[in-house]
Amino acid sequence: MMDIEVAQAAQVTVIAPKGELDMAVADQIRKTLTALIDKKQIRLLVDLADVAYIDSSGLGALVATLKHARSVGGDLRLCTLHPDVHAIFEMTRLVKVMDIYPSRAEALATWR
Amino acid sequence: MSTSPHFSTFSMTSEPEQLARMRSWLWTALVGQGLPLEDCAKLLIAVGELCGNAIEHAYKGASGQPIRVSLDARPDRLAVEVEDWGVPFDPSRYRAPDLDALPDHGLGLFVVRSAVDEVAFDVERAAGTRWILVKRRSAPGRPGDPRGSEGSPAPCIG
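Those protein sequence lines, which keep their order, are chains A and B.
FYI, this note's numbering numbers position 67 of the first sequence as 67, with every residue one higher than the one before it.
Here this note's numbering = 1-based position in the second sequence + 1000.
Keep in mind that the hints are not guaranteed to be accurate.
30 angstroms max Cα-Cα, derived DSS-like pairs, lysine-lysine [claimed, not checked]:
id, chain 1, residue 1, chain 2, residue 2
1, A, K18, B, K1060
2, A, K18, A, K31
3, A, K39, A, K96
4, A, K39, A, K67
5, A, K40, B, K1060
6, A, K96, A, K40
7, A, K67, A, K40
8, B, K1060, A, K67
Residues from chain A that face chain B, not an exhaustive set, calculated with beta carbons under 8 angstroms [as the list claims (entries may be wrong)]:
id, residue
9, M2
10, V6
11, D22
12, A49
13, S56
14, S57
15, G60
16, V63
17, D84
18, F89
19, T92
20, V95
Chain A residues, not near chain B, derived (Cβ > 12 angstroms throughout) [unchecked claim]:
id, residue
21, I4
22, I15
23, M23
24, A24
25, K31
26, I37
27, I88
28, R104
29, T110
Read the hints as simulated data drawn from the structure, not as lab findings.
The beta carbon of each residue, even a glycine, is placed where N, CA and C say it ideally should be.
Working from the sequences, and respecting the hints, build out all of it.
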């Protein structure tokens, strides 16, 4: 199980997982994010400051949730990616289709 | 840090929770070989994807099945093999993801090919698949040099 911190910043729900986002926890992340959307919390910011590793399962969970959020008028954005994590997003070209910010503050500013 | 030939093996079983243990072993082994950290990270991702595929596809999620990872370090390259004894990989069923369409699945093998210099697989065996990944050592640099090798996705050779 992964430690996932959830906090509210005005109209944005900030989700901060801690650890390695791999196949073992991808389902937990997806369920956590889906539950938030089900509660009408559709502006999601996933802060990856404490995630040093992500695999395709983790990417898939984030992308699936992004699609879900957008389908109900919301969005999922990312911030504070480690260089190695950012490299995976570049490798898969997800940097071009997802909104990724260097810091939580910069990401939250875009929601205003 | 060593660039002398080195061979080591790690065995795990097909539970997702064991992937972290594999990564810990592999990271230590790769850093010990003097590979730039960026290249270590790429190999880590690639091997992790193949182990994950073994769990999900070769063994259909069944636990307790064997997966073996072997590192063969040479002066000019590192080769990592990932073996399973489940349902063999069928290349005719692989479809590269459409990266412009926000794919939420099917990224694993694409990541593998993007992360290393060569990818090969062997299914001409009694059971399962043996994947061989090769990362060529970059020009001599300082250990921990963040500059790694860049290139287009590795050809996948069957």
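Hints versus structure:
Restraint check for K18(A) and K1060(B): the C-alpha separation of about 28 angstroms stays at or below 30 angstroms, so the hint holds. For the hint linking K18(A) to K31(A), the alpha-carbon distance of about 16 angstroms falls within 30 angstroms, and the restraint holds. Straight-line distance between C-alpha atoms of K39(A) and K96(A) comes to about 29 angstroms, which keeps the hinted pair within the 30 angstroms bound. For the suggested pair K39(A) and K67(A), the alpha carbons sit about 16 angstroms apart, so the restraint of at most 30 angstroms is met.
Restraint check: the Cα-Cα separation between K40(A) and K1060(B) comes to about 35 angstroms, which exceeds 30 angstroms; the hinted pair is violated. Under the criterion of a C-alpha separation no larger than 30 angstroms, the hint pairing K96(A) with K40(A) is consistent with the structure, at around 27 angstroms. Between K67(A) and K40(A) the alpha-carbon distance is near 15 angstroms, which keeps this suggested pair within the 30 angstroms criterion. This hinted pair checks out: K1060(B) and K67(A) have alpha carbons roughly 26 angstroms apart, not beyond 30 angstroms.
For M2(A), the interface hint is violated, the least distance from its beta-carbon to any beta-carbon of chain B being 11 angstroms, above 8 angstroms. Interface hint at V6(A): violated, since its Cβ lies 22 angstroms from the closest Cβ of chain B, which is beyond the 8 angstroms cut-off. For D22(A), the shortest C-beta to C-beta distance to chain B is roughly 5 angstroms, which falls under 8 angstroms, so the interface hint holds. Using the Cβ-Cβ criterion of 8 angstroms, the hint placing A49(A) at the interface with chain B is not satisfied: the shortest such distance is roughly 17 angstroms.
Below 8 angstroms, beta-carbon pairs count as interface contacts, and S56(A) has one with chain B at about 4 angstroms; its hint therefore holds. Satisfaction of the interface hint for S57(A) is found here, the shortest Cβ-Cβ separation to chain B being roughly 6 angstroms, below the 8 angstroms cut-off. Interface restraint check: G60(A) against chain B, minimum CB-CB distance 5 angstroms, threshold 8 angstroms, status holds. Evaluation of the V63(A) hint against chain B yields a held restraint, the C-beta minimum of about 4 angstroms falling below 8 angstroms.
A least Cβ separation of about 4 angstroms between D84(A) and chain B falls short of the 8 angstroms threshold, and the interface hint therefore holds. Here the hint on F89(A) is broken, as its CB sits about 11 angstroms from the closest CB of chain B, past 8 angstroms. Nearest Cβ of chain B to the Cβ of T92(A): about 6 angstroms, under the 8 angstroms cut. The hint holds. Interface restraint check for V95(A): the shortest CB-CB distance to chain B comes to about 11 angstroms, outside 8 angstroms, so the restraint is violated.
Non-interface call for I4(A) relative to chain B: holds, since the shortest CB-CB distance, roughly 17 angstroms, exceeds 12 angstroms. At the 12 angstroms boundary, the C-beta of I15(A) stays outside the reach of chain B, the nearest C-beta of that chain being 17 angstroms off. Look at M23(A): its CB is around 4 angstroms from the nearest CB on chain B, not clear of 12 angstroms, so calling it non-interface is violated. The beta carbon of A24(A) is not kept farther than 12 angstroms from every beta carbon of chain B, the shortest such distance being approximately 4 angstroms.
No beta-carbon of chain B comes within 12 angstroms of the beta-carbon of K31(A); the shortest separation is about 15 angstroms. The beta carbon of I37(A) sits about 15 angstroms from the closest Cβ of chain B, which is more than 12 angstroms, so the claim that it is off the interface holds. Listed as a non-interface residue, I88(A) fails to keep its Cβ farther than 12 angstroms from every Cβ of chain B; the least gap is roughly 6 angstroms. Separation of R104(A) from chain B is adequate, the least Cβ-Cβ distance of about 23 angstroms exceeding the 12 angstroms criterion.
No Cβ of chain B approaches the Cβ of T110(A) within 12 angstroms, the least distance being about 19 angstroms, so the stated non-interface status holds.
This entry does not satisfy hints 5, 9, 10, 12, 18, 20, 23, 24 and 27, going by the numbered hints stated previously.
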